[in-house]
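Number of protein chains: 4
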Amino acid sequence: MTSSVTINKSHIVVAQNASGRNMNVPVYRLTGQQPGPTVYIQSSIHGSEVQGNVVIYQLMQYLKQLQIAGEIILVPNCNPVGTNIKAGEYTLGRFDPVNGTNWNRGYYYDPDRLDEFYHTVQDTDCTATIKAKFRQFWRVAITEKLESAWGLGLAQQLNLKLQLLALDADIVLDLHNGPVSTRHIYIPQYAAKSAGLFNIPHVIFIPNHFAGALDEATFCPWWTLQEKLSAARGTNIDLGVEAMTLEMGSQEVIAFEEGKQDAQSILAYLGQRGVINQCPFEPAVMQRVGVHLSQYKTLFTQWGGMVEYMAKPGQRVAKGQPLARVLNIDELDNEQATFTIYAPCDMIPILHFPSASVLSGTQLYKVFTEYFDITGT
Amino acid sequence: MTSSVTINKSHIVVAQNASGRNMNVPVYRLTGQQPGPTVYIQSSIHGSEVQGNVVIYQLMQYLKQLQIAGEIILVPNCNPVGTNIKAGEYTLGRFDPVNGTNWNRGYYYDPDRLDEFYHTVQDTDCTATIKAKFRQFWRVAITEKLESAWGLGLAQQLNLKLQLLALDADIVLDLHNGPVSTRHIYIPQYAAKSAGLFNIPHVIFIPNHFAGALDEATFCPWWTLQEKLSAARGTNIDLGVEAMTLEMGSQEVIAFEEGKQDAQSILAYLGQRGVINQCPFEPAVMQRVGVHLSQYKTLFTQWGGMVEYMAKPGQRVAKGQPLARVLNIDELDNEQATFTIYAPCDMIPILHFPSASVLSGTQLYKVFTEYFDITGT
Amino acid sequence: MTSSVTINKSHIVVAQNASGRNMNVPVYRLTGQQPGPTVYIQSSIHGSEVQGNVVIYQLMQYLKQLQIAGEIILVPNCNPVGTNIKAGEYTLGRFDPVNGTNWNRGYYYDPDRLDEFYHTVQDTDCTATIKAKFRQFWRVAITEKLESAWGLGLAQQLNLKLQLLALDADIVLDLHNGPVSTRHIYIPQYAAKSAGLFNIPHVIFIPNHFAGALDEATFCPWWTLQEKLSAARGTNIDLGVEAMTLEMGSQEVIAFEEGKQDAQSILAYLGQRGVINQCPFEPAVMQRVGVHLSQYKTLFTQWGGMVEYMAKPGQRVAKGQPLARVLNIDELDNEQATFTIYAPCDMIPILHFPSASVLSGTQLYKVFTEYFDITGT
Amino acid sequence: MTSSVTINKSHIVVAQNASGRNMNVPVYRLTGQQPGPTVYIQSSIHGSEVQGNVVIYQLMQYLKQLQIAGEIILVPNCNPVGTNIKAGEYTLGRFDPVNGTNWNRGYYYDPDRLDEFYHTVQDTDCTATIKAKFRQFWRVAITEKLESAWGLGLAQQLNLKLQLLALDADIVLDLHNGPVSTRHIYIPQYAAKSAGLFNIPHVIFIPNHFAGALDEATFCPWWTLQEKLSAARGTNIDLGVEAMTLEMGSQEVIAFEEGKQDAQSILAYLGQRGVINQCPFEPAVMQRVGVHLSQYKTLFTQWGGMVEYMAKPGQRVAKGQPLARVLNIDELDNEQATFTIYAPCDMIPILHFPSASVLSGTQLYKVFTEYFDITGT
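Residue numbers (the numbering used here), protein chains in the order written: chain A, 1 to 377; chain B, 1001 to 1377; chain C, 2001 to 2377; chain D, 3001 to 3377.
Errors might be hidden in some of the hints.
[Said to hold, decoys possible] Anything over 12 Å on all C-beta distances counts as not near chain C; from chain A, calculated:
#, residue
1, R21
2, Q33
3, P35
4, V50
5, K86
6, D96
7, N99
8, T127
9, I142
10, L167
11, E282
12, M286
13, Q295
14, M310
15, K319
16, F372
[As the list claims (entries may be wrong)] Here are the simulated lysine-lysine pairs, DSS-like style, with alpha carbons at most 30 Å apart:
#, chain 1, residue 1, chain 2, residue 2
17, A, K9, A, K133
18, D, K3145, D, K3131
19, D, K3312, A, K260
20, C, K2145, D, K3319
21, C, K2145, D, K3131
22, A, K297, B, K1161
23, C, K2297, C, K2312
Keep in mind the hints are simulated off the structure, nothing from the lab. Computed from a prediction, not measured in an experiment: that's the story for all the values here. For glycine and all other residues, C-beta sits at the position ideal for the given N, C-alpha and C.
Isolated chain A, as found in the complex:
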């Protein structure tokens, strides 16, 4: 079977540096011969979270050989500023080094404007028309914001330019990494059924709450709109748009072979969603565990010191078992030379801080608590 995928490559300018040079982002558009959903996948909005770039590379290798229904937009390394700020040997990639702004908090959504839009379609029957109008509505809103006379901060300019690329998508996947992390995925509650379609063992179900990230900026408006329409019409209306954040292991590392596995996982999902015809990959039969976002807890330190991370990401820890052991260099001659941090409840550590040296108030671990098995769902 020969592939019939058309690949179009372009670059969009998202920033200018202090030398006055354009900083751009590659955009690959893969189009099949049949109609189908639009998919948008980006990686490395946080500059040190680079594994998604390899996942996109591996996706590309597979997709060249497959039958796509619809269009897949791939935007690797989507933050050319964050990728290139070094501070020591590592990449200072989570926030703008000038002002501390998280690179993943400046996407746009305004619930008030959604209400405004809703009135324009409450009597429209055709879902396709509603979807097209909805996209156009946000396109205008985002474009206006980008063109505002007083301007916008760098992170927000970058975010909005990417959001315009993602606006037509029915499926938006944002590829991230944790610090030292096992694989996990954020899925909006209304799309919970998709949890079983990826080969990712840890799933966080998130509510309809907007805090600035791309997945939220994508699903919050669609989720809200379909709830309003469903309520008004007394029937369950599914607008067919979903967005997830996939955390593909640890930052500062790329691994081609793991990227192949991750690509297969995404293809399995896309196959189920009708984007790939005769997809050679299916969702794995595997144990999956879910948690509600409110039960995805961060354990902060109350002390500063040097830490051995005893509990490994993905490994279940019972209440009272050791999580970490701390060295106190001023007490090496007595009993207080080390102390141990114990799990305050049953948990699955998902990620931990990537440095042994921590100040008080450091995010030591992020953990699943009150988690539940979703294997059968």
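Given chain A, work out where chains B, C and D should sit, using these hints.
Showing chains B, C and D alone in chain A's frame:
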């Protein structure tokens, strides 16, 4: 006239560093022999904004000689972490270098909890009782937050420990600096009359909106409570608490003589508020200009390059006059070698970015627009 | 008089960033119709020292109108990496953020290789031939280094690529800035007579010692060679090559009008050196002060604290006069609240640290001691 | 067998921070009841290289139970500045963030002064007298430097204060880590026999050349002196002092169990050197590989991009085998999407860069070439 001020010095621990050592903050309590308001003044929550430390030093020199009614709590250099993070020759002081959290966004206020409190005092007549109960209510809430089992981030731990120190105060002054800046002050709208009591020419009036800063965390609850009480009782109830952020010029600089002027300005205000008996300083007769927060605009760059800041902070600029001139090092041989940024409206630049080198999306200037004279008020 | 200057613009690639993109540097070559010396001028090898870019801009404006004899190579903003590393609002421009390498210490010179070269020309009479061979010798050596199988560090790659551009020059000017600084210039001792040709009041005379900077990498070999030739032939042989580092005021700032003055100063020098015919600018009659490098002292702090810089760059300070006043935030209630640093000898402060916040071991001031008047020379 | 070790703990001040607070270092002195050599062990001069602190902790646990002959001075976490400079989640620990100075290049040795000293003992027979005088000579020299009127940079102040602590030692061990690294050790050529006394598989033999590090500052003078004495007296004189840098795995990580192994390795060496009576640990029978420093090569990148490190530290790689695979995000649609870096010769990679994101000119790998088996030696 001999002073009768008692000075008590202590230190509180606000963090531990990666060596496991305590990081503490000095707290000076100056008590007069007469009763009176409680005043809380801190400086340098943003580590590179150091001039407030000199202002507190100069205040101390004066206060030793004066008659205080009540108590004045002085907390200089209140962020020992932010003060000591160098990145190159400058101080990386506005945000936590680990995660980008602004050091002035983690104070506590919860409007829902205010409602909860209000019900407990809606039938209390005595204002002093209400105030004491209100403070105790927040003290419990903040303490609980600080002791939460999962912990808190470093900036928030620091903020809440300082907020506990400020909780008994009737007057809270938070001393900051801008990047390259003229003197200005943030005053809550309900305390607008205090604008004339400081010798500060530029005043920003802010609404009852909480975004995490110390001044807001202080005045939002008091403002809201007195509005509720006033509405319920049909009379104007003033609980007598106010909080301001004073911006004492530019960051990265200390100047003792200017600090003396700033101290005199604060003393003039404290004298008017009954904290200093026979205060030798009175508010200056000077031109003052006000602006509503919504009209205090940030001009972001749309381009990257090297900039000469032509408009100086404090200097009025008419619409169409030049603000900045930008050098384009790739076009030195042609007409595009430089270009000029013009004022989009009449304005007073208050501060500008402290470096000539800017990326797109940089906060070039913050400016007063739609400003008004408040000299006579 | 019409100019007959030909301007050629190109870009050379000096690095690749983590996105795999080329980072390049603009190179402007201005050629006159008459033969004459070759001049190389670069700016901003230290990324936060940006004023030289404006100086080159202003030079370009003048040179378009003038008669050049020879060739002038202008390389503004020659470090695209250092220019674009932000850490907070400032530019982390003095060293590679990955490993701390000073961007101005990786140029090449090897005295042993000079000896090797010398033997090949000790019997050559023609100076022009010697010069041409010497340049070719170093060109081969630098090219070999750049192509070495194991590679080179980023700063050194950048330096050597720039050094190749400068290799044909008879005059090399490297434009820098100090932290907070008055104008000063580094001149090799053998070219001391040039001190009077620039409009720069403070002159540091440096010996024939190589420490990795561009000026040294240029003049050390020529100086050494002409000394060897002179000694061998018993006559004073001048090979006519000189190199200076010009410090054009303070970092992080550009100022177009000052840049015009600086450009006129350089043109005055170039006019005297025969590069500009009928140069409209002549060296100013002004007071100039010189110092030997060994007497250009750095005053380090023995303490940490917050500092007011009382002595301004360029202002003479007598032994025992105050230089700086330090605030001690833990002693505001007693006599140790501040202390003063006094000049250990007569001096002219040339530059000081750009932040009020200093740790122990900080370069507080760099100062001329044992300086001498060179006005008449 | 009861231990008879006396433990004395003190702290020495090595710096003051910008808050004016002292920054100190713990010093543990363990003294046995019998005379013997003096040992000095420090860790974490590079702030992110923290495993040595655990090694010292584990040493302490063992030493409490053992019979020490002489004195062991343990200085964990010897750089309180470098340990506490965060830039993002990692520790910016290799160099002073203000000026880029490597924290391990400011120790003192001056060969000219050694010549001066030599004349004072050339007629002294008693080795103990020579050693005592030599130490006193350097103590005076270092103290004078520390007290110089113009002061010293922070890194050098820190280094010299530590060097004074190490001055009486016969054995100096400086505990470091590589970025991502296998265990290795630097041993001066004259002490090559000690290579077999540690349980460390990779050994770098270094020449008598001073570049500012603690091990060099220790062994260069002793090595030079004993060579001079040996030459003058025509006999082999061994002054019995040696110094090594031990690289205990990767930075940013502590691991208690590995630290126990490392402590046993150091104890085995100390046992052989007569510092521990009846030492329970002996040097392991294991394969050891040596290399001369000149053959310990750094492979720099010629390109920027994202890298998978295919060759693991400690794993032998033959010429032409793959070392690393690079992703090029702008070419994902064609054959240039990835390329592979091959070993230019047979080698053992010892460490690699700790981030997947590299600019051109990055130290990709440090490798043994021309290495040789030293198992039997």
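Notebook entry, point to check: Hint numbers the structure violates, sorted upward?
Noted result: Checked against the structure, the hints that fail are numbers 1, 4, 5, 6, 7, 21, while the rest are satisfied.
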